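*Asks:* Each protein sequence line maps, in turn, to chains A and B. Counting along the first sequence from 1, when you hit position 65 you're at 47 in our numbering, and nothing is skipped either side. Counting along the second sequence from 1, when you hit position 139 you're at 121 in our numbering, and nothing is skipped either side.
Don't take each hint at face value.
In this list, chains with the same sequence are indistinguishable; a pair is considered to hold if it fits within one copy or across any two.
Computed cross-link-like contacts, BS3-like style, restricted to lysine-lysine with a CA-CA straight-line distance of at most 30 Å [as the list claims (entries may be wrong)]: (1) LYS69 with LYS96; (2) LYS(-16) with LYS93; (3) LYS191 with LYS170; (4) LYS69 with LYS(-16).
Simulated from the structure, these hints should not be mistaken for lab results. Everything numeric in this text was worked out from a predicted model, so none of it was measured.
Protein chains: 2
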Amino acid sequence: MKHADIRALTFDVFGTTVDWRGTIAREGRRLGAAKGLQVDWEAVADRWSRKYVVARSRNGPWRPLDQILHAAGEEILEEFRIQGLTKAERESWCGLWSRLDPWPDALPGLKRLKARFLLAALSNANMALSIALARHANLPWDQVLGPDTVQVFKPSPRVYCMALRRLGLEGHEVMMVAAHLFDLEAAKAMGFRTAFVSRPGEEAGDPTKAPYVDLIAADFQDLALQLSR
Amino acid sequence: MKHADIRALTFDVFGTTVDWRGTIAREGRRLGAAKGLQVDWEAVADRWSRKYVVARSRNGPWRPLDQILHAAGEEILEEFRIQGLTKAERESWCGLWSRLDPWPDALPGLKRLKARFLLAALSNANMALSIALARHANLPWDQVLGPDTVQVFKPSPRVYCMALRRLGLEGHEVMMVAAHLFDLEAAKAMGFRTAFVSRPGEEAGDPTKAPYVDLIAADFQDLALQLSR
Chain A
-17 MKHADIRALT
-7 FDVFGTTVDW
3 RGTIAREGRR
13 LGAAKGLQVD
23 WEAVADRWSR
33 KYVVARSRNG
43 PWRPLDQILH
53 AAGEEILEEF
63 RIQGLTKAER
73 ESWCGLWSRL
83 DPWPDALPGL
93 KRLKARFLLA
103 ALSNANMALS
113 IALARHANLP
123 WDQVLGPDTV
133 QVFKPSPRVY
143 CMALRRLGLE
153 GHEVMMVAAH
163 LFDLEAAKAM
173 GFRTAFVSRP
183 GEEAGDPTKA
193 PYVDLIAADF
203 QDLALQLSR
Chain B
-17 MKHADIRALT
-7 FDVFGTTVDW
3 RGTIAREGRR
13 LGAAKGLQVD
23 WEAVADRWSR
33 KYVVARSRNG
43 PWRPLDQILH
53 AAGEEILEEF
63 RIQGLTKAER
73 ESWCGLWSRL
83 DPWPDALPGL
93 KRLKARFLLA
103 ALSNANMALS
113 IALARHANLP
123 WDQVLGPDTV
133 QVFKPSPRVY
143 CMALRRLGLE
153 GHEVMMVAAH
163 LFDLEAAKAM
173 GFRTAFVSRP
183 GEEAGDPTKA
193 PYVDLIAADF
203 QDLALQLSR
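Just chain A, with the same shape it has in the complex (with noise of 0.2 Å):
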């Protein structure tokens, strides 16, 4: 593939760029210690993100993602039994998703990627959870795109298609980055190239076989060094 007409990257954030489960488990172990809790972190990550993929698929009037992922918080609390936590703490334990760590090879992959091309967030957050966590995490985006004017999900058509408006760009100069397959198949449909990056416990399916998958990358690091090819 020639890549000399890429102008822009578009990335997922969850799960992608940072690491939404060892963040959560680390930060639940930590809470756990302090409060003297035994809790399966590990399935209250999964259980907080399987929340918000169910919200994501349900009919019914949008949401910014913030107040889903707040609201889920508050349950799982319930749900795990993970209980003696000031008022401020659940406050905090509920806002987690907006301090989500990023993968060890995310910083250094962006700034590499960021001299040559045009970074864009393109997350389901909705833009001020998405810039609360670029704060946080130092996330070098040139644009912060979100689902706040269209008011659909990935992988709805129109999220994509507000991204290319946005930017003003066509499909063929903007890649989709992602580590899930099903965010790559709704970005190809709408002619962003893509590229698949390897995450633990992301994606079941097999992005080898997937004749939308552009360019399969180990990490942003990886990805930096094969478009710079």
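Given the structure of chain A, go ahead and fit chain B onto it with the hints provided.
*Replies:* Below, chain B alone, put in the same frame as chain A:
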């Protein structure tokens, strides 16, 4: 004035954050020296800016500012008899507004402000131009807002309304920062807080007599100081 509920600052860019006149004059003198041209480069800069202001005020279909400035740059070359440029040099000249330098206080001031506030560009530049300029000048915006979707220019109230929608904030939570009174007057009409920043040659009016100006700062460092109180 209480600043406690301000969560975001929106910045005018041309004249307020970057020094278009100084950069164009400097670049012009460099070009003039190389080509043996005698040209009043400050007059060139003012004429170029004037053409944009006229285009902004004209009725008719909205056009992205980078296109307006590019076409005006071509006209400037004819009007001031700037000749002997290669095609690449003409192209570089016409794109000069994407390579303007920040005022000396801008980057340190923004860095201080970013510790406390969300920072967004709210320029009449279309987003592609604003992003190019941010990359050139290392402007640490959390978000770049542009008139692309509303397809009107400041001071149309629709631009400020778009900014509030995108930021998900109320007017009193956002402060518009500009070196031009018309910008602050229009922002105030949509409920924004307003900060006037003095920049040489940008504003003929008297900000101390403007009832819609909440704060007057000498530069971005002074703005950071005043907002930290």
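*Asks:* Hints first: check each against the structure and report whether it holds.
*Replies:* Evaluation of the provided hints:
1. Within a single copy, LYS69 and LYS96 get their C-alpha atoms only as close as 40 Å, which misses the 30 Å cut-off; across copies the closest is 28 Å, which meets it.
2. For the homomeric pair LYS(-16) and LYS93, the shortest alpha-carbon distance inside one copy (22 Å) is at most 30 Å, but the shortest distance between copies (38 Å) is not.
3. For a Cα distance limit of 30 Å, the shortest separation of LYS191 from LYS170 inside one copy, 15 Å, qualifies, whereas the shortest one across copies, 56 Å, does not.
4. Within a single copy, LYS69 and LYS(-16) get their C-alpha atoms only as close as 54 Å, which misses the 30 Å cut-off; across copies the closest is 27 Å, which meets it.
Checked against the numbered hints given earlier, the structure satisfies every one of them.
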